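Given next are the chains, with one letter for each unit.
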Amino acid sequence: EAGVVQSPRYKIIEKKQPVAFWCNPISGHNTLYWYLQNLGQGPELLIRYENEEAVDDSQLPKDRFSAERLKGVDSTLKIQPAELGDSAVYLCASSSKTSSGELFFGEGSRLTVL
Amino acid sequence: GQNIDQPTEMTATEGAIVQINCTYQTSGFNGLFWYQQHAGEAPTFLSYNVLDGLEEKGRFSSFLSRSKGYSYLLLKELQMKDSASYLCAALIKAAGNKLTFGGGTRVLVKP
Chain E
1 EAGVVQSPRY KIIEKKQPVA FWCNPISGHN TLYWYLQNLG QGPELLIRYE NEEAVDDSQL
61 PKDRFSAERL KGVDSTLKIQ PAELGDSAVY LCASSSKTSS GELFFGEGSR LTVL
Chain R
1 GQNIDQPTEM TATEGAIVQI NCTYQTSGFN GLFWYQQHAG EAPTFLSYNV LDGLEEKGRF
61 SSFLSRSKGY SYLLLKELQM KDSASYLCAA LIKAAGNKLT FGGGTRVLVK P
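Residue numbers (our numbering), protein chains in the order written: chain E, 1 to 114; chain R, 1 to 111.
So here's chain E without its partners, still in its complex pose:
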């Protein structure tokens, strides 16, 4: 069974440019998460989806960040415009109702803003 797939793995952009990350969760997982992880720190939740509905986006900086999961399967996270402080790893994870809350993570998209 394929795991959570994310792309791109690495992205280098200049500040004020837009960037987008894509995530395809494990088949059948209805819950999808986007986390931000700074170097040497734990992941911080940005947004959580139950199917196509964003049920928790309280930590998403909505002035520059947006996300969508239109058909309740794959998801896109966008930053526009990017700032230097956005340099981090963006992790996508998914879970199912039967997994007792266990999250399955993708390998992440490492963003460097110059």
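Do not rely on the hints blindly, as some may be mistaken.
Cross-link-like lysine-lysine pairs, in silico, BS3-like; alpha carbons within 30 Å at most [to be verified]:
id	chain 1	residue 1	chain 2	residue 2
1	R	110	E	97
2	E	78	R	93
3	E	71	R	93
4	R	93	E	11
5	E	15	E	62
6	E	97	R	93
Bear in mind the hints are in silico, worked out from the structure with no lab data behind them.
Since this is a predicted model, take the numbers as computed values, not measurements.
Based on the hints, put chain R in the right spot on chain E.
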């Protein structure tokens, strides 16, 4: 709010035992996860405790005390490949299940 604390870094010798402590203050607590994360890789599941007590899984064990808001991960017979970050995460029952992570403990295993 939610608060999860764990040490930043620990060093141990190959073959030894290391215990990583985690304390949490959360509302709606519904269980405690431990994840392992090697540098540059995705976090991977190690253990899940929802009831008080010790869960043993090979060289790794995890303990939970809900009344004390305390958990630990015990790594026995340390191997060099155990050098990684270990993330403590509390499952919060809020609009479904939400996993909130601590800052992670970087464990360095020396020969």
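Run the distance test for residue 78 of chain E versus residue 93 of chain R: straight-line Cα separation, threshold 30 Å. Judged against 30 Å, a Cα distance of about 28 Å means the pair holds.
Would the hint linking residue 71 of chain E and residue 93 of chain R be met if the CA-CA limit is 30 Å? Distance ~25 Å between residue 71 of chain E and residue 93 of chain R Cα, so the pair holds.
Given the hinted pair residue 15 of chain E and residue 62 of chain E, is their alpha-carbon gap at most 30 Å? Holds. Residue 15 of chain E to residue 62 of chain E sits at ~17 Å (cutoff 30 Å).
For a C-alpha distance cap of 30 Å, please report whether residue 93 of chain R and residue 11 of chain E respect it. Distance ~35 Å between residue 93 of chain R and residue 11 of chain E Cα, so the pair is violated.
Assess, step by step, whether the Cα of residue 110 of chain R is no farther than 30 Å from the Cα of residue 97 of chain E, and give holds or violated. violated, 40 Å
Are residue 97 of chain E and residue 93 of chain R close enough, with their CA atoms no more than 30 Å apart? holds, 13 Å
Checked against the numbered hints listed earlier, the structure breaks hints 1, 4; every other hint is satisfied.
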